[in-house]
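Participant: With the working numbering applied, the sequence shown has no gaps in its numbers, which climb one by one up to 1195 at the end.
Please keep in mind that the hints were generated in silico from the structure rather than gathered at the bench. Don't take each hint at face value.
[Unchecked claim] Within a straight-line C-alpha distance of at most 25 angstroms, the following computed DSS-like cross-link-like pairs (lysine-lysine) qualify: (1) Lys1111 / Lys1144; (2) Lys980 / Lys1111; (3) Lys958 / Lys1009; (4) Lys1080 / Lys1106; (5) Lys1100 / Lys1141; (6) Lys1043 / Lys1109; (7) Lys1144 / Lys1162; (8) Lys1043 / Lys1009; (9) Lys1056 / Lys958; (10) Lys1162 / Lys995; (11) Lys1144 / Lys1109; (12) Lys1111 / Lys995; (13) Lys1043 / Lys976; (14) Lys1141 / Lys1109; (15) Lys942 / Lys1109; (16) Lys1056 / Lys942; (17) Lys1136 / Lys1109; (18) Lys1056 / Lys977; (19) Lys1162 / Lys1106; (20) Lys976 / Lys1141; (21) Lys942 / Lys1111; (22) Lys1136 / Lys958.
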Amino acid sequence: MEEGRVKERLSSISHVLSVISGKGGVGKSTVSVNLSYSLAKKGFKVGLMDADITGPNLPKLLGIENLEPEVIEKEIIPLEREGVKVISIGLLTHRDSPIIWRGPLRSKAIIQFISDVRWGKLDFLVVDLPPGTGDEAITTMQVLKPEVSLVVTTPQDLSLLDARKALNMSKYLKIKVIGVIENMSFLRCPNCGERIEIFGKGGGMKLAKEFGVEYLGEVPFDLEARKMSDLGRIPVLESPNTEFSEKFNQISDRIIQIVS
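Let the sequences and hints guide you as you build the complete structure.
Facilitator: Structure (structure tokens):
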């Protein structure tokens, strides 16, 4: 029954894009948010789903953690923030309450959560997956059957090691990886403009080459963007001319080309 409801929910969505990483702390949620709003700025109807059951971050990043979605006849109506429809398990629970469920319960909750959300017609649904390659990530991918996935990593060796697992998970599930984004690639010195590669260099590009997928580019570590995100503000909307925002503009352009 739920499988049929999921299929019905997704039938009016043109493209489902999953954003994945092999580990937490690489900025996957930040990438999901800014990519979604970059697509929306180009005139597309976009939905953003936080599929991380135990550590949902999107409500905080979007400044909507004190809001609750409407539930009509057992259907969850996504909130709308600056033209993007948003849903997260974090909007349905108290923000300081831990969600302590064993694996099978988590998987069941994910399936029910997906089947209960009424998205309506969308051009893109961007899904911020749980980090890693555990049951929750696999279940979400199997249920949503995204058209493509995007891997987020940082230049650090440990992050790259885990990103390989995420790439292999997509390959195993027969979901096309459209590219690798290297997040927090460098810090731009505010005084001289020099690149400071605080986590190493070139790891994302090597990873993309190793797996034969496209390297979508490097996103700088931007202190102002981080401060905005902590305050629930959206960098690509509020500071559209920064190097950080321009990179997301380029990445979204390329994604549009790939899926069109």
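Participant: Has the given pair, Lys980 with Lys1111, been kept, meaning a C-alpha gap of at most 25 angstroms?
Facilitator: holds, 22 angstroms
Participant: Does the structure keep Lys976 and Lys1141 at a Cα separation of 25 angstroms or less?
Facilitator: violated, 31 angstroms
Participant: Would the pair Lys1144 and Lys1109 pass a check requiring their Cα atoms to be no farther apart than 25 angstroms?
Facilitator: Holds, at roughly 19 angstroms.
Participant: Need the status of pair Lys1111, Lys1144: alpha-carbon distance at most 25 angstroms?
Facilitator: holds, 15 angstroms
Participant: Take the C-alpha atoms of Lys1056 and Lys942, compute the straight-line distance between them, and say whether it is at most 25 angstroms.
Facilitator: holds, 13 angstroms
Participant: Please verify whether Lys1136 and Lys1109 have alpha carbons no more than 25 angstroms apart.
Facilitator: violated, 30 angstroms
Participant: Hinted pair, alpha-carbon criterion (25 angstroms max): Lys1080, Lys1106. Please report holds or violated.
Facilitator: holds, 13 angstroms
Participant: Would the hint linking Lys1111 and Lys995 be met if the CA-CA limit is 25 angstroms?
Facilitator: Violated, at roughly 30 angstroms.
Participant: Does Lys1009 lie within 25 angstroms of Lys1043 when you go C-alpha to C-alpha?
Facilitator: At roughly 17 angstroms apart (the allowed maximum being 25 angstroms), Lys1009 and Lys1043 satisfy the hint.
Participant: Need the status of pair Lys1100, Lys1141: alpha-carbon distance at most 25 angstroms?
Facilitator: holds, 15 angstroms
Participant: Going straight from one Cα to the other, do Lys958 and Lys1009 come out at no more than 25 angstroms?
Facilitator: Judged against 25 angstroms, a Cα distance of about 33 angstroms means the pair is violated.
Participant: Tell me if the straight-line CA distance from Lys1056 to Lys958 falls inside 25 angstroms.
Facilitator: Roughly 32 angstroms between the alpha carbons, so the hint for Lys1056 and Lys958 is violated.
In terms of the numbered hints stated before, the structure departs from hints 3, 7, 9, 12, 13, 17, 19, 20, listed from lowest to highest.
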